[in-house]
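Engineer: Full structure from sequences and hints, please.
Residue numbers (this note's numbering), protein chains in the order written: chain A, -10 to 332; chain B, -10 to 332.
Just to be clear, a hint being listed does not mean it is correct.
It does not matter which identical chain is used: a pair holds within one copy or between any two.
Below, computed lysine-lysine pairings styled on BS3-like, alpha-carbon distance capped at 27 Å [stated by the list, open to error]: (1) Lys46 to Lys236; (2) Lys236 to Lys212; (3) Lys249 to Lys179; (4) Lys319 to Lys31; (5) Lys249 to Lys221; (6) Lys85 to Lys31; (7) Lys221 to Lys236.
Think of the hints as simulated: they come from the structure by calculation, not from any bench. Computed from a prediction, not measured in an experiment: that's the story for all the values here.
Number of protein chains: 2
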Amino acid sequence: MKLKKISSLAFVFLLFLAACQQQLKEVQTAPTDPLPSWNDGKTKEAIISFVHTVTDKNSPEFVEPADRIATFDNDGTLWSEKPVYFQFLFAIDRIKVLSPEHPDWKTTQLFKAALENDLKTLMESGVHGLIEIVTLTHAGMSTDDFEEIVSDWITTAKHPDPRFKDRLFTEMVFQPMLELMDYLRANEFKVFIVSGGGIEFMRPWTDRVYGVPAEQVVGSSIKVKYEYVDGKPVLMRLPEINFIDDKEGKPVGINEHIGKKPIFAFGNSDGDRQMLEWAQSNTGKTFQGLVHHTDSIREWAYGADSKIGTFSNSLMQEADTSGWHVVSMKTDWKVIYPSELTK
Amino acid sequence: MKLKKISSLAFVFLLFLAACQQQLKEVQTAPTDPLPSWNDGKTKEAIISFVHTVTDKNSPEFVEPADRIATFDNDGTLWSEKPVYFQFLFAIDRIKVLSPEHPDWKTTQLFKAALENDLKTLMESGVHGLIEIVTLTHAGMSTDDFEEIVSDWITTAKHPDPRFKDRLFTEMVFQPMLELMDYLRANEFKVFIVSGGGIEFMRPWTDRVYGVPAEQVVGSSIKVKYEYVDGKPVLMRLPEINFIDDKEGKPVGINEHIGKKPIFAFGNSDGDRQMLEWAQSNTGKTFQGLVHHTDSIREWAYGADSKIGTFSNSLMQEADTSGWHVVSMKTDWKVIYPSELTK
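Structural biologist: So, in structure tokens, the structure goes:
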């Protein structure tokens, strides 16, 4: 009788143990949402389905980890780009710092506009004006010194829009894209930035902000020259364009830096068209995405008519014909900036 | 009595078990030689001591894994480079393949020399001649097609020296350097190749042979252009130099591709001087090494007087003054090529 009681108790205990284990197992294998800031919908579904397919060893479309290359544009794709490219605001701040040493600048319309925060005149100066301002303000120092200047600026300068009062530029990054890059890395993708922006303007902070190390950043650059200063070698930055990593330049930059075609590419403008075509020309399954700025309340809304980050009608048409995924910020993203998570 | 016997047996058994565990532990923790093809000596000791120091969290000279960048020259550092750079032998083979389409080449001294395997005349044509031959034979096709041409050649072409009969060029790699790269990677270094050779001549095989993926190869390059062929995007290779990754070019290439200074750099010639200086200008502890070709029996012996892979007296002097480690192939390496391991 006693023995029977003990064995009954033991049986109950074993049942309880089994139940616990089952529960633990369920918790461990419960599918957690890898993209919590994305609304459910076609794009989110397509991303997850793509990642499942290329990482499934039993799929005919399985891709070896070494070939899981993902490339992301930066301006307008990973962080905002209004009222102008943030690097341009950095250049304007540099002009203000450097102007006492360059009294002649005050007579030049372009530099005068910069000193007066006249973004309209600056934007109307076109690519030529932008290049002139960027090369002059970004050259004449060593690469080490430039890194320090960028690091100082990026940790102190604030975005000018009153909606985002006191916000650092690195707080203007897109939470859904941070999650997407994390998700890809968790699935053994190697994530690269391929931006029209300056390579050395991005590298000092991309690892901290995006988890993308310097050696996985591709961008535009000016020439540098190996010299000795006080017997110590330096690379001096010259006021001369080396490479423009935009439009046709993006596949060229990808080829030079990565040497493999991406299988996953994300952009937001006409400047990314060739990068997406290049990824799509890869053998096997590929994914192309474009961020469409459709949210004038939480971010900005612009498209074919924009001076920067132009999303032309012909790009929209190519996206449609080619099966590229267009993300509408307004409807696809629950959250835009990381700060919204803590509200 | 019976119980005593059992407990004695159990005791003996436990002793036996403890002894086994001890032995297992010793096997598991026995220090295995990470560089078995290196003779014991100052250089091997310096390498191991350097790696221990920068990976020891309690050392004031600890370096975070993200900053453990190692750069290796290729020709003469990771594989042999005699009788001429192997890429040059590839170019000669290309001339032979292409010459029927270019009857005019037969009247050009340089191309005539190539068709007649006259290496002496070719070498005497200097850098200008080399560049002419390389750009012409390496251009005029897409990057995809060039990759295929290189892959075919590298898996079939044989080294011309009768000592190494029927040996593929990828079998002319240095076993001690393969071990060194493995050792660094096991200690969370990121290993890059930084070579004067063509970036797209190396990438098709460096992962397989050295464990260095395409995106970690830096080299010289010709220009490419984004085009559409039958509606499909290609990068066409143009007969125009884009970048020479040699001498002052090496720190420039490192800066462009990696964006961080190496803490460990290995070369073998005057072309690597600036790369080693650049690594040494990094903050914290660094390591610089040079392979000196001193073994005329097992490999080749050459130095200040050589036309390729020149190791000048001034380089030797700088190595001495700067504390760079000079490896003598003859005395520091037990084994040169992997094939010697299976003998």
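Engineer: If a hint holds in the structure, say so; if it does not, say that too.
Structural biologist: Here is what the structure says about each hint:
1. Taking the shortest alpha-carbon separations for Lys46 and Lys236, neither the intra-copy value of 35 Å nor the inter-copy value of 45 Å comes in at or below 27 Å.
2. When the C-alpha separation of Lys236 and Lys212 is checked against a cutoff of 27 Å, the pair qualifies both within a copy, at 20 Å, and between copies, at 16 Å.
3. Taking identical chains as interchangeable, the C-alpha atoms of Lys249 and Lys179 lie at most 27 Å apart whether they share a chain (11 Å) or sit on different chains (18 Å).
4. For the identical chains of this complex, Lys319 and Lys31 are intra-copy neighbours only, at 14 Å inside a copy versus 64 Å across copies, given an alpha-carbon limit of 27 Å.
5. Taking identical chains as interchangeable, the C-alpha atoms of Lys249 and Lys221 lie at most 27 Å apart only when they sit on different chains, with a minimum of 17 Å there against 36 Å within one chain.
6. Taking CA atoms no more than 27 Å apart as the test, Lys85 paired with Lys31 passes in neither setting, with 47 Å inside one copy and 55 Å between copies.
7. Taking CA atoms no more than 27 Å apart as the test, Lys221 paired with Lys236 passes between copies only; the shortest distance there is 16 Å, against 38 Å inside one copy.
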